[in-house]
Amino acid sequence: MLPDGYIHLGEDMMLGVAEFLGCLKVHLRHYVVKNNQYIPTRTGIAISPYHWQVLSDSISTLNLESPHACLMIERKLFLSVTDTSVVFQHVFNNNNPKAGLQLSNTFLSVTHKQFRELCNVRESISQLIQKRLLGPLFLKAIREVLIVVNSDDICLDGDETDIQSILQNNLGKVLKKHIRHKLDTLKIMCEGCSSDDNQSKHTCFETRLSFMDRCIASMDIYNLAHDFVYENSQLYPYMSDSFIENLNALELFEMCKFHLSVNL
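Going left to right, the sequence shown walks through residues 3 to 266 as the working numbering numbers them.
Don't read these hints as lab results, they were simulated from the structure.
Label pairs and their calculated CB-CB ranges: (1) Asp-6 / Asp-186: 32 to 38 Å; (2) Asn-38 / Asn-248: 31 to 37 Å; (3) Thr-45 / Ser-212: 28 to 34 Å; (4) Asp-6 / Thr-63: 29 to 35 Å; (5) His-114 / Ile-149: 46 to 52 Å; (6) His-70 / Pro-138: 42 to 48 Å; (7) Thr-63 / Glu-21: 27 to 33 Å; (8) Glu-21 / Asn-95: 25 to 31 Å; (9) Asn-172 / Thr-43: 39 to 45 Å; (10) Arg-182 / Ser-62: 24 to 30 Å; (11) Ala-48 / His-70: 23 to 29 Å; (12) His-70 / Leu-188: 28 to 34 Å; (13) Gly-12 / Ile-168: 42 to 48 Å.
Think about it this way: if two alpha-carbon atoms lie no more than 25 Å apart in a straight line, the pair counts; the simulated DSS-like pairs of lysine-lysine are: (14) Lys-133 / Lys-175; (15) Lys-115 / Lys-78; (16) Lys-133 / Lys-27; (17) Lys-133 / Lys-178; (18) Lys-27 / Lys-178; (19) Lys-27 / Lys-179; (20) Lys-27 / Lys-184; (21) Lys-259 / Lys-175.
Keep in mind the model is a prediction, meaning the values are calculated, not measured.
A virtual CB, placed ideally from N, CA and C, is assigned to each residue, including glycine.
The task is simple: from the sequences and hints, build the whole structure.
The following block contains the structure:
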């Protein structure tokens, strides 16, 4: 049985999203089978949700038919194609500025078939990231903020279902603010708008959506929890496990993306 959040890529390779030491990471790893359980090994790579999203957006530019094709992801991850495999290596900055970027001595090699399967499931992994962002990590961050604000003395009467609906709507507003802030720090380059002084009134809809996925993947969960808690100061008691369990994270993110896309 595969661990929760992992997808089988064929042979002895798995891809998934997992939390470690309070951080969400995308893992591409070999595994071993013990007692009918698939156990990830240390042999593999782990990248941040943001770098996964950049990789996912850039995969189509990697030509598997050429043994000389390569792809650099944000100066953090290097992919190179050989006749038989695709090789992943982390990139790091050497202390010697003249040496420039250096490739890690460790690497992970996957077959072309496994890489094609990775391409097929990349949207599923991106959706899993979004679900996990508003899951236990978010609840943990909320609790840390609640300890700071000392909310134990607050007691409210009201229907929990109605109040959780209000909280979800308010969370959507906070999410849109955070995504918009991320977008404002990016330079969006769109061929449709830059050509002919945008006489065709191109709207950048698809371009904005692709950048929003990266913005979501790079959000600071603690800052999001901080703003959510402080903007709903009278509803502390209802920020519970059940509230997080009942959240439809994908629906919430899609709503935010749509509203921001048509209002940028």
